[in-house]
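**Student:** Sequence:
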Amino acid sequence: MAVGTRLHLSMGVSGKDMLPLLEELALAAGREIMDVYARDIEVERKADDSPVTEADQRAETVILAGLREAFPDIPCVAEEEISGGRIPDALGDLFFLIDPLDGTKEFIARRGDFTVNIALIRNGVPDTGVVYAPAQGVLYSGRPGAASQAAVDDDFQLGERKAIAVSGAPGGKVRIVASRSHRTAETDEFIANYPDAEIVSVGSSLKFCLLASGTADLYPRFGRTMEWDTAAGDAVLRAAGGSTRRVDGSAFVYGKRNQADEADFANPWFIAEGRAV
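Those letters in the sequence shown? Residues 1 to 277, by this note's numbering.
Quick caveat, the hints were computed from the structure, so don't treat them as lab data.
Worth double-checking, as some hints may not be accurate.
Claimed, not checked - The calculated lysine to aspartate or glutamate pairs, modelled on EDC-like cross-linking and capped at a C-alpha distance of 16 Å, are: (1) Lys105 <-> Asp48; (2) Lys256 <-> Glu44; (3) Lys105 <-> Glu42; (4) Lys173 <-> Asp154; (5) Lys105 <-> Glu198; (6) Lys46 <-> Glu81.
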């Protein structure tokens, strides 16, 4: 499916139909990001004091142009547009969540675990998503019933692809993935319940992908995240057989607006699990 193909909501586009375009747009965004990565990175600050770069903005422009051309009926919720006050009036049952450069701190520090994230939300659930780590040359994809990992070459072309799935039933040493930049006391308390656990630190939505590919088991997040931070990785994880739930075990849903004590699209604390049960 080439960028520029218009697909309307009435056609009932499935995740399988949509996924090639999401992958294509993620690769195009990665090209913009790596162009900036190759030279001096200028950093600005948003209203919440979080960093933003030319790479964030260029990647988001590419993604939004492609999505809005192909799916004009589906609203887009994108991090930089939201930061600029451009918020869709209504979401409906289908909408996109876009984080054009997740792990901006890692990008600025020239650590390779930053990602491009695009997800389709269907009835509050991350239905289809792609996570692309351009500095690592790997793209993760997920749609209902199928998750994969593909190599990406220096020309931003997809190479060998393989199916991925979460690890087997619980047993043996638990592998816990923790945030590199946002470790909290609550996270440390959770980890203390697993004294023999192996701890893996990584940035961005790659934490979900480690679970999805069977190389980690648990990802506790006791700290603030936004829906665009988690949706694409969560889609890949669920497609691979894993789950994400609030810490009380209830459903972890998307499209949260008009929250009493939180901003629109802010997530509660959660635990993502990559162990089949």
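**Student:** All hints are to be evaluated individually against the structure, with a verdict given for each.
**Tutor:** Evaluated hints:
no. : hint              : in the structure
1   : Lys105 <-> Asp48  : 14 Å, holds
2   : Lys256 <-> Glu44  : 28 Å, violated
3   : Lys105 <-> Glu42  : 12 Å, holds
4   : Lys173 <-> Asp154 : 36 Å, violated
5   : Lys105 <-> Glu198 : 25 Å, violated
6   : Lys46 <-> Glu81   : 12 Å, holds
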